[in-house]
Each structure stands twice: as structure tokens, then as C-alpha cells.
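Enquirer: Go by the hints and put chain Y onto chain E.
2 protein chains.
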Amino acid sequence: MTSDRIRHAGLAAKVTDAASAAALIRPGDTLGMSGFTGSGYPKAVPVALAERIEAEHAAGHPFRVKVWTGASTGPELDGAMAKADGIEFRMPYNSDPIARQKINAGEMEYFDLHLSHVAPMAWEGFLGHMDVAVVEVSGITPEGDLIPSSSVGNNKTWLELADKVILEVNRWQSPALDGMHDIYYGTALPPNRVPIPLVKPDDRIGQPHFRIDPAKVVAVVETDAPDRNAPFSPPDDTALAIASNILDFLTWEAKRAGLPPSLLPLQSGVGNVPNAVMAGLIETPFEGMTAFTEVIQDGMLDMIEAGTLRMASATAFSLSPEKAQYFNENAQRFRDRLLLRPQDISNNPELVRRLGCIAMNGLIEADIYGNVNSTHVMGSRIQNGIGGSGDFARNGYVSIFMTPSTAKGGAISAIVPQVSHVDHISQDVQVIVTEQGLADLRGLSPKQRARLIVEKCAHPAYRPMLEEYMARAAKGSYGQHAPMLPGEALSWHQRFMETGSMQA
Amino acid sequence: MTSDRIRHAGLAAKVTDAASAAALIRPGDTLGMSGFTGSGYPKAVPVALAERIEAEHAAGHPFRVKVWTGASTGPELDGAMAKADGIEFRMPYNSDPIARQKINAGEMEYFDLHLSHVAPMAWEGFLGHMDVAVVEVSGITPEGDLIPSSSVGNNKTWLELADKVILEVNRWQSPALDGMHDIYYGTALPPNRVPIPLVKPDDRIGQPHFRIDPAKVVAVVETDAPDRNAPFSPPDDTALAIASNILDFLTWEAKRAGLPPSLLPLQSGVGNVPNAVMAGLIETPFEGMTAFTEVIQDGMLDMIEAGTLRMASATAFSLSPEKAQYFNENAQRFRDRLLLRPQDISNNPELVRRLGCIAMNGLIEADIYGNVNSTHVMGSRIQNGIGGSGDFARNGYVSIFMTPSTAKGGAISAIVPQVSHVDHISQDVQVIVTEQGLADLRGLSPKQRARLIVEKCAHPAYRPMLEEYMARAAKGSYGQHAPMLPGEALSWHQRFMETGSMQA
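So the sequence lines, in the order shown, correspond to chains E and Y. When we follow the working numbering, the leftmost residue of the first sequence carries the number 2, and every step to the right adds one. When we follow the working numbering, the leftmost residue of the second sequence carries the number 2, and every step to the right adds one.
Just so you know, these hints were derived from the structure itself, not from any lab. Please note that a few of the clues may not be correct.
Identical copies look the same in the list; a pair holds intra-copy or inter-copy alike.
Claimed, not checked - Calculated cross-link-like contacts (lysine to aspartate or glutamate; reagent style EDC-like; alpha-carbon spacing at most 16 Å):
(1) LYS15 with ASP204
(2) LYS217 with ASP132
(3) LYS84 with GLU108
(4) LYS409 with GLU55
(5) LYS409 with GLU144
(6) LYS256 with ASP30
(7) LYS324 with ASP214
(8) LYS448 with GLU110
(9) LYS448 with GLU108
(10) LYS256 with ASP164
(11) LYS256 with GLU108
(12) LYS448 with GLU89
(13) LYS457 with ASP86
(14) LYS476 with GLU108
(15) LYS201 with ASP225
(16) LYS256 with GLU499
(17) LYS256 with GLU125
(18) LYS84 with GLU288
Bound conformation, chain E alone (with noise of 0.2 Å):
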């Protein structure tokens, strides 16, 4: 019956179907799921349950649950939980676009918060109690260890955490995994904490399996389907230019400080921008680079195998389905060049400080000084999360946010006036880099890194407007500090909001 990935007798007697472990969930209950940028999230028990929740509603019976997870998963999980409305509650992060339409109609509450964070304060009991924990992973030994999934995330946290565990042991996940995460098991609480015994991003300082408590497990379910793995979308001449203007940065920035020829560990977004940022490094003279990041994607890869990075530590991988596919076949080439830990090491402040991160991420919209909205569209409609961009671009050694100049042909600057929503303060955010050039912030006070900001990033079309309005806040800010005028700050979301274009 059951496949040759549950080797623990024990744990294999306890294999049932999707919709018998779904039952084990209550209506209210806390729900600790795996999953990561799409991959390693539960796939068959999140669509039974929905599946229950659906009928049930039509029952005329409430059911609701509280959904935590690494970050975001896949359809089958917050896509059929959010459509059945039964999650009441997410954290801390989602990408799904069907959870996303729901929470912006102020139809399921979410709280969003520093990756990094989520493990020590559930462990502190901030968040509250945790009744289930849903996992994947992709063996369990003979030992009853359990072998993780294409990502670690809080797996460690809420197996340790939850009154009951339901497993799901995918084999579709390639064998070759095992051996590739560093399970770091030295966590304690305040005043017990320790250094994190870390140096280097290949480091091990933990073990390649979670530890479980066979009794705590109710249910183990048998799944064989893929991660969610966003398709790959080659980047375009904008992002090959500010790819471009990012690469002529750390450049010119490893000469000026005397970085060694491996620069300092990356740490980098996913999407076409970062991927064109990676796919230029392998032609810069930089070698044995390393990277200290989140995830791993496409371009990541393609450095291991150009010889341009020598190894990549992060928390889950978030690879194209081609690329998937290519990883599962050839998984053995890569076992010694990646290494995937918990998220609360992946990310963690101390690690990201001492290790000295460039730290490169994206962004919704930056203000004339520096401040940055990652997360949430016109201040109030959220988009994904802060995610770890926190934890890394206040900790790294040089904290890059990248975007271009405009969005919705034209329509919506990515340089206002005032962010409508504050993610990174502008402490925290030293280059801004846009297709039309790049802002090295560095050392600037408020007037002079306005001025730079409109002059490298923003767009021709909305240049002037920016002029102006920082010529009109010359004269009637009530500080000239930083020059602002609240009449007026947020004016361009109110224009995009009520005419569909911040263009005056």
C-alpha cells in the first residue's frame, strides 16, 4: 500500500486518504501548514478540507479556520480554502490571488509580518495557540524522522508547536533532497538564547531531518503532484536595464570597498528583474560567489552550474516548472551547492548582519526620500507581504530596492510624492534603482537624496510633477527638513483612484 518514501512502521500504519485526515480538523482551529514560495506546501488535505468547509456552508454550518504557513503556497491550498471562505484568518504571507481578492474585500483577515519573526513569537505564544499542523515533507526514515520538502519554512516550529500532526509525503519531491537542508535545532527563548553558531552561508550547524514525536501524528497522507512554480517570464528591456544598472553598481561598489572576488553573500527577490540580475553576474569577473537568501530560483541555478556561485543557503526553492523539472532529474549535481534551513535562519537579522547580505528586492513605490512600499497597492490593498525583505534590508551590508519607473503603462509612477504605505523606512534603503538609473542614498539627508531620487529613478513623464511639487513644498512645508505638504502628499493615489492614472 504504502510507498517505499514512509519507512517508519509506525508512521506508515498511519497512512489514510485526504478527506479522512481533513476530518481531524474543527471548525476555529489553528492550522500551522508547510509551504514556501510555492513549494512544499500540503496539496491533497487543504482541498479535502475545502472541500468539507464547502459543504458544510451549505449546510447552513460556520466553518472557519486560522491558516499560518512559511509564505505563500499553491491553489490547493489558500487558492480552495480562500474560495471556500474558510480561512478567517492568514498569516504571514499569501500570494494567492483568490486569498488576496478576498482579503482586500475585507472578507478574511491577514496579518503580515517579517518572515523571520513568525517562529520566535509563536514560540513565545504572541500569535496564540496552534491545534494542527499540516506538513509536507518527502520521506520518513526508518527512525520516524521526517525528510523536508522543496522548502523548510516554520515546518521545524510547527511540528514542535501543534497539538496534532497530519503528514503528507510527497513523492514527486526528488529523493536526491535528502541531505540538502540544515535543520538547526540550537533555538532556545530569551534569556536562554545562544549564538547561532554561523559564518559562512555553507555552514552546517544543524541536521538533515525534522525530529517528530510519533504519537503526536494522527494522519499521514500519500500525495505524488508537483510544487505551484510560477512560470518563468524572460525579462524584458526594462529589466534588462536596471539588471544592467545594478550590476554596474556592485561593480563599482566592490572596488571602491575592497570586496573580495566572491563579493558578499546575495540575497534576491524571484522574478524576471532578479533572475536578468543573475544571469549578468555569470558574465561579471565576480567568482565563487555565494548566496544567503530566501529562495532559490531559476537563475540561481544557472550560476551553480556556470561556475559563478559556489553555493546557495535559503529556506525553499521557487523555480519555473521547467526548471523543477530539470532540478528533479539532475537533483544529485546540485546536492552539495544548495542548502535549505528553517526561516527563522534563513532570514534571521543576526545571520544577515554578520554575513553582510546584499540585500535586493522589489518594490510597489518609493517616495522622493527613500521610503518604500512593498506591500500594500493606494495604501490600502495588499499585494503579497513584507516577507523577508525586512530582515534583510535593514541587516545586509547594502540594502538595493529595484523597480520600474512606472507601472500600468504609465499610469502609476513608482516615484511619488509620499509612499501611501511605509514597509522600509528610509534608513533602511540605501540604492534605488529603476530602468532610468540608480540612487546610491547613502549618507544623504532628506533634501539631497530627494533630489537624487528624481533626477536617477523617476520617470521622464513624471519628473516635472515631482519638481514641482517639492518646489511648492520649499515654500509651504511646516519643517524644512524633509519638506512635505500633507494636503497634497497623497494626492496622486487619490488622482489614480478616482481618474485610473496619477498623471495630473
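Expert: What follows is chain Y alone, placed relative to chain E:
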């Protein structure tokens, strides 16, 4: 000629007067000065430099310098030099009223950054070249090492980075300071950083004195002058109510989380509310407490003498004149109870997170979602600076922000629809407390936070206005995740600028 505070012959030979020392500074120089919260700043050379600058200006010669410090200084430094129009650029923190006026008049550029970031960014060359360090010490050993003064701040870094060093030896400082400092020399830049080996607030990880290359010392000036030392303002009813709310919370939280009787290391800003909290803690059952914080204020010395506080680690004193005199007369009694460290250690995120500090900081305004403005009045006029609040708020065990619910006799509400500037994003704000009550925001979505903050923290005079705004935003917002109206969100600030009151 020279006092017994200068026991190194080579450096004793460099003793000169303040005017001669100031003459070694050139127009355009970048100066690294000592000083943190009004203690340990140079008191003679800046005055002499200001006089020289005024004379040059009177003769039609431009003369301005860039001034970097630990944090705030005193009238003899920021006051005198700003009055002389001698500061072209200032960082990272200022509380001097004349300098503040110049900054807010647009006559002085000011760069406000996380106090833990200053030294690493200076070392990494992000901030430019340092020409001259002007550092107050309390003495010079026979070996030529420097006995730090009443603040450590960035002095270690300035002494290392500057081309030339001017020392002020201040015999007003207690000789008993010698031995109270712990100067860590284990810092390195990435990729060579290692864990900071501190696991308890009282761990000594460095040495008591600064090293200095005597060849770099171009002048030594003797002084006998008190630190600035702001008067102690006794807590009023509002401060006592805020403190009482905080003490109730800490008592409840310690029980909920099973914290030890020593609680967790305290971090606290300066002022009458923190002093009221300290006074209140003496009456609680907590015992053997510690502080891991920026500054040692009056209340902490009281706690030590009451036996409640076992020890305090900080980077500076910030005492009232009476308490400073008391300390100088009784310093021996505090020798084993106080440690002063460089500010990149006292405020280090690695250590703040490891120790799990209880972060207690003031604010100017908070919004209904829990974003905090600590620095910019009406979004544009700088008050002081972010200081170390971000270092502690993001990384501590719990981050508490406290404020009276109104200012200026009720004309300003501390709780507003949207803050006019963000220093602390909602993720870094777990508790907001006013004299009205305390909002525990942990684990809450934006709308849940808004309801609680308005109910618990807002002044009754502003509560209906906030509720009306929330009701309108629930209809007109672009998204319903964190409802907001860009055309109205900052209207309270606009109204204050136009009418002198936020009241409609």
C-alpha cells in the same frame, strides 16, 4: 602644568589650549565627535571652533564642517556651532534646539540613522572620509590608552578612522568611571564578522580603555566642565497613568509567558514616563533585573540602589544635574553595576534579539494601524532623530511605544488616521500605551489593530473622529485590507497647520 589625568608623557607634551586645537580643523573637514545624550561630548574645542568660524564668517570667508557624533551633545557643541552657522551636515542624532531650528529652516543638512548602523557604515566607507576626531576622555593611562568618559558612543570608531585626533581630558568626570567601560575590539567587516560573544547583559567582552596611536593625536586639551544633563521632570498624572498601564502589562505578560523573576533586560528611552516606569518597577515583585539599553537615566540608579536592578549595560549616562553630582560622589558604589559599551554593541540587533530586550520607547504619533512616527512633527519638522528606537523595537522580545494621548493642550492627537512619517512599521510595534489604556497588538490584522488602538489609546475627544474616519474608509478605500483614504489620511496634519488644532 598638566593634571594627573594625563599620565602618558608623549601625550602630556601635546597639551594645548582649545583655540590652538581648533586651529587644526579646516573648512570642509568631517569631524567625528564624542557625545551621547548630553554626556561625554567635547566642551572646549567646539566652542573655540565656533568662535573661529564666526570670525572667519565676519571676514567674509566660508567655514563649515560636517559633524558626526554618537548621539546628542550639548550647547557647547551643537548649540555653539549651529549658532555660528558652522555645521553644513550633521549626523546621526540631535536634540539641540538651535541646531534643530537650523535644520528645520533648511539651513543645515541632517542625516538621521539607526544608532547601531553608524559605526559599521562608517567603517564600510558609506559615509565618507573622517578628517579629525574630537573626543572627550576622562583620563590617559601611563601606557597611552584612553579612559573613556561618561559616554562611549562611536568613539572607538572615530579614534580609529580619523586622520587626526584631538582629545579633551575632562577632570569633572569621576575617576571611578575607570573600569566601568567594556570596549569590544572583536568587530570586523563582512565577510570576516564572527558572533559577538555576549549572552548576558553583564558579560564583559572587551577591555576598559580605548587604544590610540599616539602619533595621530595632534592636540590634548584639559577641561573641567559638567555634562549637559537635562533637568529631571517629575512624573505628572499622565506619566503615572502610562507607567501604571505598562507595569500592569509587564506583570501580566511575565505570568502569561512564564518569564523569570528578573523579567528580561530592559531598554528604555529617557524622560518622565520611563522614570515613572522605573520607579514603579521597584514596587513590583520583579527582582535581579537587568537593563541592556542605550542610556542610564536617574530611574535606573534608583533601581540599583533599591536592589531591584542587578546591573545596567548602556553606552552613556543621561542624568539630571542632581543625579550626576550624586553619581560622581558615589560612583564607587555603582562600579560593579554599570557597563558602558560602544553604541554598535549596546544597540546591536544580534544582541538585542538574543537577550530579548523589553523595548520601551516614546513616540510623536501613531496611526490606527500601529505605525509609529518618532521623529517628524507634521511629517517634515525633525524633532530629534530615530536614535536607537529601531534597533530595539524590531529586535526586542516585545516592543512597547508610549505617549500621552494628546499634545499641545489637546490640539494634537497622538493617534491619527495615518502617521505623517513612519519610523516604526506596524510589524515592529507590539504594544501602544497612553494614559487612556494599553493596546496589545500582537497577532492582530490591520482592522483588528485599528479597533483596539482607537478604543484603548485614543483620547475621548478624538475617538469619534477616528471612528468616523474608519467608517468612511470602510466604504471608500481602494482595498479593505487596511482601509485608508489618501485624500483624507493626512488631513488632520493639514488642519493643524492651518488652524493650530487637529480638532475639526
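Enquirer: Hint by hint, say whether it matches the structure.
Expert: Evaluated hints:
{"no.": "1", "hint": "LYS15 with ASP204", "verdict": "neither (36 Å within a copy, 50 Å between copies)"}
{"no.": "2", "hint": "LYS217 with ASP132", "verdict": "within (11 Å within a copy, 64 Å between copies)"}
{"no.": "3", "hint": "LYS84 with GLU108", "verdict": "within (11 Å within a copy, 57 Å between copies)"}
{"no.": "4", "hint": "LYS409 with GLU55", "verdict": "neither (36 Å within a copy, 55 Å between copies)"}
{"no.": "5", "hint": "LYS409 with GLU144", "verdict": "neither (54 Å within a copy, 67 Å between copies)"}
{"no.": "6", "hint": "LYS256 with ASP30", "verdict": "neither (54 Å within a copy, 25 Å between copies)"}
{"no.": "7", "hint": "LYS324 with ASP214", "verdict": "neither (35 Å within a copy, 57 Å between copies)"}
{"no.": "8", "hint": "LYS448 with GLU110", "verdict": "between (38 Å within a copy, 8 Å between copies)"}
{"no.": "9", "hint": "LYS448 with GLU108", "verdict": "between (41 Å within a copy, 11 Å between copies)"}
{"no.": "10", "hint": "LYS256 with ASP164", "verdict": "neither (54 Å within a copy, 22 Å between copies)"}
{"no.": "11", "hint": "LYS256 with GLU108", "verdict": "neither (52 Å within a copy, 35 Å between copies)"}
{"no.": "12", "hint": "LYS448 with GLU89", "verdict": "between (44 Å within a copy, 13 Å between copies)"}
{"no.": "13", "hint": "LYS457 with ASP86", "verdict": "neither (45 Å within a copy, 31 Å between copies)"}
{"no.": "14", "hint": "LYS476 with GLU108", "verdict": "between (44 Å within a copy, 14 Å between copies)"}
{"no.": "15", "hint": "LYS201 with ASP225", "verdict": "neither (35 Å within a copy, 49 Å between copies)"}
{"no.": "16", "hint": "LYS256 with GLU499", "verdict": "neither (48 Å within a copy, 51 Å between copies)"}
{"no.": "17", "hint": "LYS256 with GLU125", "verdict": "between (44 Å within a copy, 12 Å between copies)"}
{"no.": "18", "hint": "LYS84 with GLU288", "verdict": "neither (47 Å within a copy, 52 Å between copies)"}
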